[in-house]
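Participant: Turn these sequences into a full structure, and let the hints steer you where they fit.
Quick note, the sequences are listed as chains A and B, same order. Positions 0 to 310 (numbering that gives the first Met the number 0) are the ones given, in order, by the first sequence. Positions 0 to 310 (numbering that gives the first Met the number 0) are the ones given, in order, by the second sequence.
Check the hints yourself; a few may be wrong.
To be verified - These stretches of chain B come out as covered by chain A in the derived footprint (C-beta under 8 Å, 3 or more residues):
#1 58 to 67
#2 74 to 85
#3 127 to 139
#4 273 to 286
To be verified - Here's a subset of chain A near chain B, in silico, CB distances under 7 Å, partners left out:
#5 Met18
#6 Arg21
#7 His58
#8 Trp76
#9 Ser77
#10 Ile84
#11 Asp88
#12 Met93
#13 Asp100
#14 Ala104
#15 Pro107
#16 Asp110
#17 Pro111
#18 Leu116
#19 Thr125
These are calculated hints, taken from the structure and not from any lab test. Cβ atoms here follow ideal geometry from the backbone N, Cα and C, with glycine treated the same way.
2 protein chains.
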Amino acid sequence: MAYHLGWVDPQGEPEPVVMQDRSHGHLVLAVSKAVGGDNESSMPYAVAVELLYNFLLVHEDVQNANTERNNRPTIWWSWGPAQAINTGDGIHAMARMSIFDQRNATGPAADPRSISLALESLDKATLEVCEGEYLDISYQERAAVSVSEIVTVARKHGALFGVAARLGGIASRADDSVLDALYKFGSSVGTAQSLNIDLKALWPDPGTERNEVQRGRLQSKKKSLATAHAIEQGTPKTRRRLGEIFMKRVLDPADLDEVTSIFSETESKLFAEAQVEGLITEAITALESTSFSAEHQSSLSESARLIIGSN
Amino acid sequence: MAYHLGWVDPQGEPEPVVMQDRSHGHLVLAVSKAVGGDNESSMPYAVAVELLYNFLLVHEDVQNANTERNNRPTIWWSWGPAQAINTGDGIHAMARMSIFDQRNATGPAADPRSISLALESLDKATLEVCEGEYLDISYQERAAVSVSEIVTVARKHGALFGVAARLGGIASRADDSVLDALYKFGSSVGTAQSLNIDLKALWPDPGTERNEVQRGRLQSKKKSLATAHAIEQGTPKTRRRLGEIFMKRVLDPADLDEVTSIFSETESKLFAEAQVEGLITEAITALESTSFSAEHQSSLSESARLIIGSN
Numbered sequence: 000m001a002y003h004l005g006w007v008d009p010q011g012e013p014e015p016v017v018m019q020d021r022s023h024g025h026l027v028l029a030v031s032k033a034v035g036g037d038n039e040s041s042m043p044y045a046v047a048v049e050l051l052y053n054f055l056l057v058h059e060d061v062q063n064a065n066t067e068r069n070n071r072p073t074i075w076w077s078w079g080p081a082q083a084i085n086t087g088d089g090i091h092a093m094a095r096m097s098i099f100d101q102r103n104a105t106g107p108a109a110d111p112r113s114i115s116l117a118l119e120s121l122d123k124a125t126l127e128v129c130e131g132e133y134l135d136i137s138y139q140e141r142a143a144v145s146v147s148e149i150v151t152v153a154r155k156h157g158a159l160f161g162v163a164a165r166l167g168g169i170a171s172r173a174d175d176s177v178l179d180a181l182y183k184f185g186s187s188v189g190t191a192q193s194l195n196i197d198l199k200a201l202w203p204d205p206g207t208e209r210n211e212v213q214r215g216r217l218q219s220k221k222k223s224l225a226t227a228h229a230i231e232q233g234t235p236k237t238r239r240r241l242g243e244i245f246m247k248r249v250l251d252p253a254d255l256d257e258v259t260s261i262f263s264e265t266e267s268k269l270f271a272e273a274q275v276e277g278l279i280t281e282a283i284t285a286l287e288s289t290s291f292s293a294e295h296q297s298s299l300s301e302s303a304r305l306i307i308g309s310n
Numbered sequence: 000m001a002y003h004l005g006w007v008d009p010q011g012e013p014e015p016v017v018m019q020d021r022s023h024g025h026l027v028l029a030v031s032k033a034v035g036g037d038n039e040s041s042m043p044y045a046v047a048v049e050l051l052y053n054f055l056l057v058h059e060d061v062q063n064a065n066t067e068r069n070n071r072p073t074i075w076w077s078w079g080p081a082q083a084i085n086t087g088d089g090i091h092a093m094a095r096m097s098i099f100d101q102r103n104a105t106g107p108a109a110d111p112r113s114i115s116l117a118l119e120s121l122d123k124a125t126l127e128v129c130e131g132e133y134l135d136i137s138y139q140e141r142a143a144v145s146v147s148e149i150v151t152v153a154r155k156h157g158a159l160f161g162v163a164a165r166l167g168g169i170a171s172r173a174d175d176s177v178l179d180a181l182y183k184f185g186s187s188v189g190t191a192q193s194l195n196i197d198l199k200a201l202w203p204d205p206g207t208e209r210n211e212v213q214r215g216r217l218q219s220k221k222k223s224l225a226t227a228h229a230i231e232q233g234t235p236k237t238r239r240r241l242g243e244i245f246m247k248r249v250l251d252p253a254d255l256d257e258v259t260s261i262f263s264e265t266e267s268k269l270f271a272e273a274q275v276e277g278l279i280t281e282a283i284t285a286l287e288s289t290s291f292s293a294e295h296q297s298s299l300s301e302s303a304r305l306i307i308g309s310n
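Facilitator: And the structure:
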């Protein structure tokens, strides 16, 4: 666990901290602050979402056969799939412990109702992510996946950012209507991020290379919004070409070049980018429905754009 | 999920119920009854432990490459390891939902303190099982594993029956001292069962064959108490022979015959059986420390023996 979290090397010796994505925890703290809470009391909630996110990453690395993450060998690659499955399960069980510890604390995040709401929200979101993963894996075996199916998967994956924003609100005892708006805000951000990861995997930013996780998604033929759009909008000839490529067991770089060139013809990149922008608008609208100060709204919008990775 | 739980066939059509081990849930209900509760109110707690147990089974089937369980293909064997990991994760997230639903119910199992205690106990036990699994997998790569190391693993695996018994008590609002005794009772039973599974895998009951899960444990070289005892007590020649066998990548039936014949020389079977008997005594002692009626004590002792599978 400590290795995966970037704190120690494979031998268990401390190593310089490996920079990792902590955007789920960040969102909990940022939202809690906007509601009027403080970092100290909402930190246990942030820890819980971070651990949930990380258990999912450990398992995703086995599922997609990722050999590296953050430029380090993954757990399954170093210690085998059995240990990786087990490590992920352990992190999953541990995710809630920082919240249980709150029972003996004081403040809004220690309120029994907050604790209970937070725990239930975490499990519901995790189950939703698993439902999305179920569909995502099923779609790997199919050539044709519709735009709405891809959006459904992305929305389910967005549930983890949805629960992060919601937990920020719960930790500061926000009203139910605010909690709903926060979930909508976070899940729109998470959905947009999920779609944007696929966009960046197909079209990396100028001057950057695909990272190992993006390569893993492409090679294991996870379907993207652009793929679904091209299949729906393309000519019979386009569909046949895409079908032939996706019949292969594993995609190689030349296949990817052909795929992206097809997507240019069908304007599928533009379509996918417009969907991401639409989700950003949804997120901002949800944020505006709260009574957060202009300063907090602008700071949360900025966080949202950083999480989504949009330019 | 429904397929794994034995309710539907691989196409999702209802099928005659497949008999499955529900001893964890049974123990929750039996203990709750002994404390003075009723089945209806403790059922959600029984469901939670059953789901935790089943998520672990789905993952164990991937980890040990079991192709069958209860004479049906396992999830990973039918739908691939990625779907099996994900299905297990989903069951894990769902395990607590029946307990959350209790918040709107009445009775001792709906008491916020009971709910909170139950949730924390479940996660702690799951984490303990994962710690045991971590050691168990590590030991597969080592030739020499000590008796105390094997007992440590078995005790950690016993945590799941420990929490089952404890949850039966929590559901009926038993005193803390009773909860402690119940945990000790359940975890001794679970530890004894875990050691006994290894015994039965090495020496099946007369007239029975090894089942797929027993074969999986042996072939993947999971170490048993008998193995550890034989290595500690055997002559240098015995140790060398065992070492040679365990150096193989996979054990075949002839290897197993040689291993069991070595264990007869070193009296390791007798040693392992004595350990199981010792744990049964521990369980009964814990039970006697409660104030349960003679009738309930005797019924729980009977359940314990059935769970352990001792003759």
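Participant: Which numbered hints are broken by the structure, listed smallest first?
Facilitator: Failing hints, ascending: 4, 5, 6, 8, 9, 13, 14, 15, 16, 18.
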